[in-house]
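If you count the sequence shown from 1, position 600 lands on 600 in the UniProt record's numbering, and the numbers rise without skipping.
If you are wondering where the hints come from, they were derived from the structure by calculation, not from laboratory data. One should not assume that every hint holds.
[Stated by the list, open to error] No more than 16 Å apart at the CA atoms, straight line, and that leaves these computed lysine to aspartate or glutamate pairs for EDC-like: (1) 136 to 118; (2) 234 to 211; (3) 11 to 255; (4) 18 to 35; (5) 237 to 150; (6) 234 to 35; (7) 32 to 3; (8) 331 to 414; (9) 157 to 199; (10) 331 to 361; (11) 392 to 375; (12) 610 to 524; (13) 610 to 510; (14) 11 to 150; (15) 576 to 510; (16) 157 to 168; (17) 136 to 150; (18) 237 to 255; (19) 237 to 212; (20) 136 to 95; (21) 234 to 108; (22) 576 to 484; (23) 11 to 229; (24) 18 to 95; (25) 11 to 35.
[As the list claims (entries may be wrong)] Computed spacing ranges between beta-carbons, pair by pair: (26) 207 to 150: 17 to 23 Å; (27) 390 to 283: 48 to 54 Å; (28) 211 to 153: 17 to 23 Å; (29) 503 to 334: 16 to 22 Å.
In this text, a Cβ means the ideal position worked out from N, Cα and C, and glycines have one as well.
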Amino acid sequence: IIEIYTISGIKGIFLANKKVDDQVKTYITYNKGRDWRLLQAPDVDLRGSPVHCLLPFCSLHLHLQISENPYSSGRISSKETAPGLVVATGNIGPELSYTDISVFISSDGGNTWRQIFDEEYNVWFLDWGGALVAMKHTPLPVRHLWVSFDEGHSWDKYGFTSLPLFVDGALVEAGVETQIMTVFGHFSLRSEWQLVKVDYKSIFSRRCNKEDFQTWHLLNQGEPCVMGERKIFKKRKPGAQCALSRDASGTVVSEPCVCADWDFECDYGYERHGESQCVPAFWYNPASPSKDCSLGQSYLNSTGYRRIVSNNCTDGLREKYTAKAQMCPGKAPHGLHVATTDGRLVAEQGHNATFIILMEEGDLQRTNIQLDFGDGIAVSYANFSPIEDGIKHVYKSAGIFQVTAYAENNLGSDTAVLFLHVVCPVEHVHLRVPFVAIRNKEVNISAVVWPSQLGTLTYFWWFGNSTKPLITLDSSISFTFLAEGTNTITVQVAAGNALIQDTKDIAVHEYFQSQLLSFSPNLDYHNPDIPEWRQDIGNVIKRALVKVTSVPEEQILVAVFPGLPTSAELFILPPKNLTERRKGNEGDLEQIVETLFNALNQNLVQFELKPGVQVIVYVTQLTLAPLVDSSAGHSSSAMLMLLSVVFVGLAVFLIYKFKRKIPWINIYAQVQHDKEQEMIGSVSQSENAPKITLSDFTEPEELLDKELDSRVIGTCAGITKLLCPLSSKLKSVSPLGLSFRQD
Numbered sequence: 001i002i003e004i005y006t007i008s009g010i011k012g013i014f015l016a017n018k019k020v021d022d023q024v025k026t027y028i029t030y031n032k033g034r035d036w037r038l039l040q041a042p043d044v045d046l047r048g049s050p051v052h053c054l055l056p057f058c059s060l061h062l063h064l065q066i067s068e069n070p071y072s073s074g075r076i077s078s079k080e081t082a083p084g085l086v087v088a089t090g091n092i093g094p095e096l097s098y099t100d101i102s103v104f105i106s107s108d109g110g111n112t113w114r115q116i117f118d119e120e121y122n123v124w125f126l127d128w129g130g131a132l133v134a135m136k137h138t139p140l141p142v143r144h145l146w147v148s149f150d151e152g153h154s155w156d157k158y159g160f161t162s163l164p165l166f167v168d169g170a171l172v173e174a175g176v177e178t179q180i181m182t183v184f185g186h187f188s189l190r191s192e193w194q195l196v197k198v199d200y201k202s203i204f205s206r207r208c209n210k211e212d213f214q215t216w217h218l219l220n221q222g223e224p225c226v227m228g229e230r231k232i233f234k235k236r237k238p239g240a241q242c243a244l245s246r247d248a249s250g251t252v253v254s255e256p257c258v259c260a261d262w263d264f265e266c267d268y269g270y271e272r273h274g275e276s277q278c279v280p281a282f283w284y285n286p287a288s289p290s291k292d293c294s295l296g297q298s299y300l301n302s303t304g305y306r307r308i309v310s311n312n313c314t315d316g317l318r319e320k321y322t323a324k325a326q327m328c329p330g331k332a333p334h335g336l337h338v339a340t341t342d343g344r345l346v347a348e349q350g351h352n353a354t355f356i357i358l359m360e361e362g363d364l365q366r367t368n369i370q371l372d373f374g375d376g377i378a379v380s381y382a383n384f385s386p387i388e389d390g391i392k393h394v395y396k397s398a399g400i401f402q403v404t405a406y407a408e409n410n411l412g413s414d415t416a417v418l419f420l421h422v423v424c425p426v427e428h429v430h431l432r433v434p435f436v437a438i439r440n441k442e443v444n445i446s447a448v449v450w451p452s453q454l455g456t457l458t459y460f461w462w463f464g465n466s467t468k469p470l471i472t473l474d475s476s477i478s479f480t481f482l483a484e485g486t487n488t489i490t491v492q493v494a495a496g497n498a499l500i501q502d503t504k505d506i507a508v509h510e511y512f513q514s515q516l517l518s519f520s521p522n523l524d525y526h527n528p529d530i531p532e533w534r535q536d537i538g539n540v541i542k543r544a545l546v547k548v549t550s551v552p553e554e555q556i557l558v559a560v561f562p563g564l565p566t567s568a569e570l571f572i573l574p575p576k577n578l579t580e581r582r583k584g585n586e587g588d589l590e591q592i593v594e595t596l597f598n599a600l601n602q603n604l605v606q607f608e609l610k611p612g613v614q615v616i617v618y619v620t621q622l623t624l625a626p627l628v629d630s631s632a633g634h635s636s637s638a639m640l641m642l643l644s645v646v647f648v649g650l651a652v653f654l655i656y657k658f659k660r661k662i663p664w665i666n667i668y669a670q671v672q673h674d675k676e677q678e679m680i681g682s683v684s685q686s687e688n689a690p691k692i693t694l695s696d697f698t699e700p701e702e703l704l705d706k707e708l709d710s711r712v713i714g715t716c717a718g719i720t721k722l723l724c725p726l727s728s729k730l731k732s733v734s735p736l737g738l739s740f741r742q743d
């Protein structure tokens, strides 16, 4: 069915356009769609010539579009106050066409049709449907309209304007006592809108009385019963120019009919075969009772037929087609299903998850139900009555739980399983990446999610300008950057419906050096330990270094670590200019390091935090590998460095062993109750260099749990990883001259 239209004033009558064998045809039904038939074309045309149209090869076809414009009548119309009267545009032929359109009318609810215009006209109902007003549907200007008092058998022509009017629309308020029609349009394409009111009151000479009406019978192809009733209506006699009242036209007689085959349709689960036989569909088992049917009770077993809704027939075949009462048989549980009320497979930790259990077959009142939530808790019920509104449960931990429903009675059992993802809402994610990385060398990146116990999470990683993410179930990933420059890393974490992300930048170079920095103690009193403050302090230190040493700003990067005491790491980067990079080498970077080192050791790098607060920047330690390079040619330098470290370590051991015998060695020691030692750097510094004791250090585990926006600096391996947090707390160079980078 493509289109369907309900005829007003009479229940159960519909017009429909159906597509049959690639042809659109118009059908009519008098029993709410149980039976459909084609429309019989008029016997004669508008000129009185016979129409040769034989069913089913030729019939009348109508356009069933209802106008959405209140100022247009539409292609089909009928009124509640004029039962049986239908006006529509259409054509006669094998199928519906948009050419050769005429206007047709039916006065008996669609049984017979007459042609009233051979062109398309707009037709309105006037005076409660007692009169018809027609106006030609054309883009050309018009001056006349037509009025009919005999249901379109004859038309009187009236002029409603002295000048031709381009009609844009008309409005008729059915039933108004003054019988006024408002037409609006314009005289030319450039003129203003014109409003014309047409008053038909003078046409209606008087009020209608009983002698002005006649009766008519509603038929269905000669059958007097429609929707189980025999109805007789009254309407105004043709030619009687009297004004109707609202209730003038209507039903005079309405009597129930004896039930016949056409008063019944196929019941649920049955399909029509032939003219009137209903048989079970392939998927339907008529012997299966309702799920609510319990052993010892009875249920109504369908005969395959049911009376059409709103049909008022009585007796006759009604008893034959009425459902028969039968005893409920006992059945084993079958078709058991378990689901959540919202149909989702995700629930939030700490919130109610509501489960529903459905069973296709079985005795609901005599079947035991057990539901295992998968977290060590299960509930049991003697029947389905207590769980009609669902079973609620709160999960206290996140994860994937196997929810199992089990139904059993004395005839059998059935099981259903549901895998439920219980998630905890993700509140924050912090991306841990190093500030600087080496090109063509693998970098470890991790995402820290809070809260930590979230169950299964999905991580989406974007690197640089990539448009497709890497998807993992692990919170860490390794990646190799192939090009130098600043790269952006973004991670998105999905948990249920929650999706959050964090983004960080990483500088990628062929090689670099780094040094740990410490500050005068007064900076700690003003450290709010927030990312914005650390970024500002890093920029201030960078400007101070550039001002003192004249090192290009692009070759310096300062990263301030979270936590107290305040510490930072200074990165010395190769020049961005490719020409300068080719001319220079790692030795140039060593010279820059020496320049910066000297300035820091001489306390030349200072900045004023606020009036009266002067902060001095110190060198804490050198990194374990002062020069980081991706080339293999520096293995000899690394070997020399390793030998130097071993030699210096041996020297320190000998000095410590024989310190009492060497008078020019000054070792400051302070013995406390818990034998704490104070560490003082061996690198030349001012006497104002800060000193801290080991008791002030933060434990490694505590340091790792500090604020989530801490950044990973470089890499540490083996036992060095355990010392990394400790190195960020040192404020003086160790006797070995080594430095450690924070992971």
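Report the numbers of all earlier hints that the structure fails to satisfy, in ascending order. Violated hints: 6, 13, 14, 16, 17, 18, 20, 27 and 29; rest satisfied.
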